[in-house]
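Listed in order, the protein sequences are those of chains R and H.
Here our numbering is used: the first sequence runs in plain steps of one and ends on residue 112.
Here our numbering is used: the second sequence runs in plain steps of one and ends on residue 1105.
No lab work stands behind these hints: they were computed from the structure.
For glycine and all other residues, C-beta sits at the position ideal for the given N, C-alpha and C.
Heads up, a few of these hints could be off.
What the hints assert, rightly or not - With a cut-off of at most 27 Å between alpha-carbon atoms, the simulated BS3-like pairs for lysine-lysine come out as follows:
(1) R:Lys54 x R:Lys84
(2) R:Lys84 x H:Lys1067
(3) H:Lys1058 x H:Lys1078
(4) R:Lys84 x R:Lys3
(5) R:Lys75 x R:Lys54
(6) R:Lys81 x H:Lys1078
(7) R:Lys54 x R:Lys3
(8) H:Lys1078 x R:Lys84
(9) H:Lys1058 x R:Lys54
(10) R:Lys84 x H:Lys1058
(11) H:Lys1067 x R:Lys75
(12) H:Lys1078 x R:Lys3
(13) R:Lys81 x H:Lys1058
(14) H:Lys1067 x R:Lys81
(15) R:Lys3 x R:Lys81
(16) H:Lys1078 x H:Lys1067
Stated by the list, open to error - Chain H stretches covered by chain R per the calculated footprint, using a threshold of three residues with CB under 8 Å from any CB of chain R:
(17) 1002 to 1011
(18) 1047 to 1056
(19) 1066 to 1074
(20) 1083 to 1093
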Amino acid sequence: MTKSELIALLAAENPHLRQPDIELIVATIFDEITAALARGDRVELRGFGAFSAKRRDARTGRNPRTGAAVPVAGKAVPYFKPGKELRERVNGGPPAAAAPVRRPARIASKVA
Amino acid sequence: MNTLTRAHLAEAIYSQVGLSRNESSALLESVLEQIGRALEAGDPVKIAAFGTFLVRQKGQRVGRNPKTGVEVPILPRKVLSFRPSQVLRARINGEQGGEDADGAA
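Whole structure, please, built from the sequences with the hints as guidance.
As structure tokens, this is what we get:
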């Protein structure tokens, strides 16, 4: 799916909106995330995932062809960590009882 | 470092597009849901000037519980990965990053 296909799907879902507005909505979302990362902020969308920028220190790289040492400047690299819900959806639902979690028994008598 | 949430993105849609606040957050949710649905179907999602979300199939391998040293099989699974586009990489480093020079994200 591309951005234009995404816009087409949203347009079909929202016939009361004009196409340019839908394009603006989609652009706004990704522009806001980009601007936040550029400021050094992170964006956390529960159930979907979190975007952050990871800092990479300056290092000395090498030209693989000549072997000459080349200084590589430090930089920030965008990073996306998928949220639990999306991770499970992509993998075909929640893991089948991989590690059963024991929950403390509810104390029914405390509830009036 | 601040953390932005759905509320901030919905607010940005509200002020940019002029929809109601309710509808702004509903549309944000629709965008995330459509992306999730495509990924669930194994379809990569390519957003020009931002990046590509793609599902990768991982094979089975042997892992180890780091605490006990017990070997446990890690089952084959699908994982989600994100490849940032050159434009996004450039922008977060304060460079302009050619608006249209993105091509393959």
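Status of each hint after checking the structure:
Between Lys54 (chain R) and Lys84 (chain R) the CA atoms are separated by roughly 21 Å; this keeps the pair inside 27 Å, and the hint holds. Proposed proximity of Lys84 (chain R) and Lys1067 (chain H) is supported: the alpha carbons are some 23 Å apart, at most 27 Å. About 6 Å separates the Cα atoms of Lys1058 (chain H) and Lys1078 (chain H), which keeps this hinted pair within 27 Å; it holds. At most 27 Å may separate the alpha-carbon atoms for a hinted pair to count; Lys84 (chain R) and Lys3 (chain R) meet this at roughly 24 Å.
About 8 Å separates the Cα atoms of Lys75 (chain R) and Lys54 (chain R), which keeps this hinted pair within 27 Å; it holds. A C-alpha spacing of about 14 Å is found between Lys81 (chain R) and Lys1078 (chain H), which places the hinted pair at or below 27 Å, so the restraint holds. At most 27 Å may separate the alpha-carbon atoms for a hinted pair to count; Lys54 (chain R) and Lys3 (chain R) meet this at roughly 25 Å. Note on Lys1078 (chain H) and Lys84 (chain R): the hinted pairing holds, with a Cα-Cα distance of about 13 Å set against a maximum of 27 Å.
Taken as a hint, the Lys1058 (chain H) and Lys54 (chain R) pair is honoured in the structure, with Cα atoms around 25 Å apart against an allowance of 27 Å. Using a Cα cut-off of 27 Å, the hinted pair Lys84 (chain R) and Lys1058 (chain H) holds, with the two alpha carbons roughly 17 Å apart. Under the criterion of a C-alpha separation no larger than 27 Å, the hint pairing Lys1067 (chain H) with Lys75 (chain R) is inconsistent with the structure, at around 34 Å. The suggested pairing of Lys1078 (chain H) with Lys3 (chain R) holds, with an alpha-carbon distance near 23 Å, which does not exceed 27 Å.
Restraint check: the Cα-Cα separation between Lys81 (chain R) and Lys1058 (chain H) comes to about 17 Å, which is no more than 27 Å; the hinted pair holds. Pair hint Lys1067 (chain H) plus Lys81 (chain R) holds up; C-alpha atoms about 25 Å apart against a cutoff of 27 Å. Under the criterion of a C-alpha separation no larger than 27 Å, the hint pairing Lys3 (chain R) with Lys81 (chain R) is consistent with the structure, at around 20 Å. Simply put, Lys1078 (chain H) and Lys1067 (chain H) have alpha-carbon atoms about 25 Å apart, close enough for the 27 Å limit, and the pair holds.
Chain R is given as covering the segment 1002 to 1011 of chain H, and this holds because 7 residues of the stretch bring a CB closer than 8 Å to a CB of that chain, at least three being needed. Under a criterion of three residues with beta carbons nearer than 8 Å to beta carbons of chain R, the stated coverage of the segment 1047 to 1056 of chain H is upheld, 7 such residues being counted. As drawn, the segment 1066 to 1074 of chain H meets chain R at 0 residues by the rule of a beta-carbon pair under 8 Å; below three, the given contact is violated. Judged by the Cβ-Cβ criterion of 8 Å, the segment 1083 to 1093 of chain H is covered by chain R as claimed, because 6 of its residues qualify and three suffice.
Violated hints, listed in ascending order, are 11, 19; each of the other numbered hints is respected by the structure.
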